[in-house]
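Guided by the hints, dock chain H with the ligands onto chain S, whose structure is given.
The listed protein sequences derive, respectively, from chains S and H. Quick note, the first sequence lines up with residues 2 to 457 if you use the numbering used here. Quick note, the second sequence lines up with residues 14 to 267 if you use the numbering used here.
Simulated from the structure, these hints should not be mistaken for laboratory data. Computed from a predicted model, the values in this text were never measured in an experiment. You may find that some hints are simply not true.
Listing some non-contacts, in silico: residues in chain H with all C-beta distances to chain S over 10 Å [as the list claims (entries may be wrong)]: (1) 15; (2) 33; (3) 83; (4) 140; (5) 156; (6) 173; (7) 201; (8) 230; (9) 256.
Here are some chain H residues pointing at chain S (derived, C-beta under 7 Å) [said to hold, decoys possible]: (10) 69; (11) 87; (12) 92; (13) 97; (14) 121; (15) 131.
Yeah, the Cβ is synthetic: ideal placement off N, Cα and C, and Gly gets one too.
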Amino acid sequence: MTEAIKQAETARYTTFYDAFDRVLSQDAPLWLHRLRSDAMAHFRELGMPVAREIAFPLREDWVYTDLRGIAETSYHAGPVEARLDEAALAPYEFGQDDWHRLVFVNGVFSPALSRVDGLPGGAVVSTLAEALVEHPELVRPHLARYAEFERTGLTALNSALFENGLFVYVPRGGHLETPVHVHYVTAGHDTPLATQPRTLIAAGDGASLKVVESYTGLTEQAYLTNAVTEIAVGRDGNVDHYRINREGAGAAHLSTTQLHLEGNGRISTFNMCMGGALTRNDTNARLDGEHAVVRMNGLFLVTGNQHVDNHTAIDHAVPNCDSYEVYKGILEGRSRGVFNGKVFVHQDAQETDAKQLNKNLMLSPDAMIHTKPQLEIYADQVKCTHGATVGQLDEDQIFYLRTRGLSHDSACSLLTYGFAADLIRRLRIDAVRSSLDTLFETTIRDLSLARDKAGR
Amino acid sequence: MALLEIRNLRGGIKDLDIINGIDLTVNRGEVHAIMGPNGSGKSTLGKILAGHEEYAETGGTVRFHGKDLFELTPEERANEGMFLAFQYPVEIPGVSNAYFLRAALNERLKYRGESEMSAGAFRRLMNEKMKQVDMDPDLARRPVNEDFSGGEKKRNEIFHMAVLEPTLSILDETDSGLDIDAMRIVARGINQQRSADNAMIVITHYQRLLDYVVPDYVHVMYEGRIVKSGEKDLALQLEERGYEWIREEVEAAG
Ligand SMILES: Nc1ncnc2c1ncn2[C@@H]1O[C@H](COP(=O)(O)OP(=O)(O)OP(=O)(O)O)[C@@H](O)[C@H]1O
Ligand SMILES: [Mg+2]
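One chain only, chain S, in its complex shape (with noise of 0.2 Å):
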């Protein structure tokens, strides 16, 4: 290694440390602060996964997505307060009014945009930290247990830095009607900011809940969100998980949510991007128990410079479980964006029905896409299908929808719209169905009035 590199090397992820020492001087169990110092050696081992020397090559899986300009950041490292009302956060709202809701700010807590009440017996639903101190007997037993931090520096550098988050805990049997939106927010800052969300979602066995985790920015500045989400599902629970993205214009978005299901546990998540400059998501279901389904859909829309990778993978340990996953992507203008979606069935795991379809729409010359289904299968009784398809929009459609009165335009929007109205109408509760059917329209009405302006 050079003098120079080394010194680059060195000064990186500074404000990270110091951060870190700030953390640890803060009041905790032992077992936290065990935890965190652990995660911390693994990320001055790891780092961002970066390419750094030969001996370092990049991670495969990092080849699309360049991660030197945020590794390279001084960013200020950690929650900062920010004035915000919520007129301000009004158009970023979703659902209804009796949703439980919990608002971060700069990382943040903030009561008075948030409101729980009315929780079936015995149900948890409040901040990571105030849990931590109130109920960390329910926190213990499944923070940090599922995404693993031995292997990924970022997972490593929230599970390090974390300060505060969403904790949502149902126990046996019981049942969380009422959704419950969890809103990380940044409201900008005089220097980038960074901050570690971190979400931990327990359904115990036979107790279903309902999640909203929506990153919002409200600042067109650059900052980082890394945020780490861990589900997990009892025997025959239920979880409904929804993800949306909608960071600012500057924003990078990485982040990782940890999905574990035991017997005839159900996860159905569905991640929804349209912000930030860069996103990278990794999703990843372990299927542990016999009988577990997991759903894993995505869509993405983008445009301008936007990059936005999910790479998933879905983990068959066991017999008899099922996994259907569908993301599509809608780009636009010079766009990049990635597909990587690994199922791997282990040797026992028999009567495995692996479904993926990965399906792109590049509305311009300009924009494009990696797309890479990835199958490692073991067993031998299986029925496991992938595929996956770039195209653009059909002129013969366009012409149709044309003779019927519709502008050159509209046309566009509305095939584009009907390329993944599929995944939005399969969601299952109506104003989360409702809520993203209106953000969905919007932003492909946005894209065509983008498209007017750049007079194509």
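What follows is chain H with the ligands alone, placed relative to chain S:
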């Protein structure tokens, strides 16, 4: 003024002339049937009139109630009252028939400077028109033509026509692929649209449709031209004798 006036129209696709000089005048209140062997250019004529970008006119003029048709985009033609029922209707995944029709109707109202239709009024209109063409309400909810049977697609075209109430409808083999009952229902739908204000061009291979939708004129197209025109008994003659005698006549004249 004629509703549609085609003068010496020529056109086709790149490097291939398909329409080789067509003259046709269609007045309000008239129904014109166009018959002719496969590949003679009937659908191409429909596509050129509707404004398909792949097909271009290379000569002649077309006036649609006085306006130069080729100055208008496909959607302007539609909003001026032209309607093309496709020989092969196109599937539009993810967009429900009802949603799409509402968008189309609203574009038309906007084009005419009128205000949009309320959800209630639209629902009533849909129900009325669905009854007119005996359409299963389920088909209105489903994505446009997706996984529709051949006959359902054709019936859907007539449903669109009934909702949009065009002044000039070009129906390209809307009768092909229909069972006997469906044919009668589609014909009834077409007849309900017939009025002194509207006109239709009905492209068909079969006399049977013309038993129900009795045309004022019948034209025979051959190699991109209208080579013979007559009244409704011309269709009967074609049904009996086929196209061979037409071919001979053309060659004798040529
Ligand atoms: N896009 C195209 N590319 C190549 N050839 C074409 C194209 N469109 C039409 N043609 C040719 O032009 C001729 C006329 O086609 P058209 O579809 O208009 O015939 P038609 O009279 O409607 O026939 P049918 O009765 O079989 O529907 C045919 O020979 C056809 O192959
Ligand atoms: Mg034809």
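Where does the structure disagree with the numbered hints, that is, which hint numbers, in rising order? Result: hints 5, 6, 10, 15 break, sorted rising.
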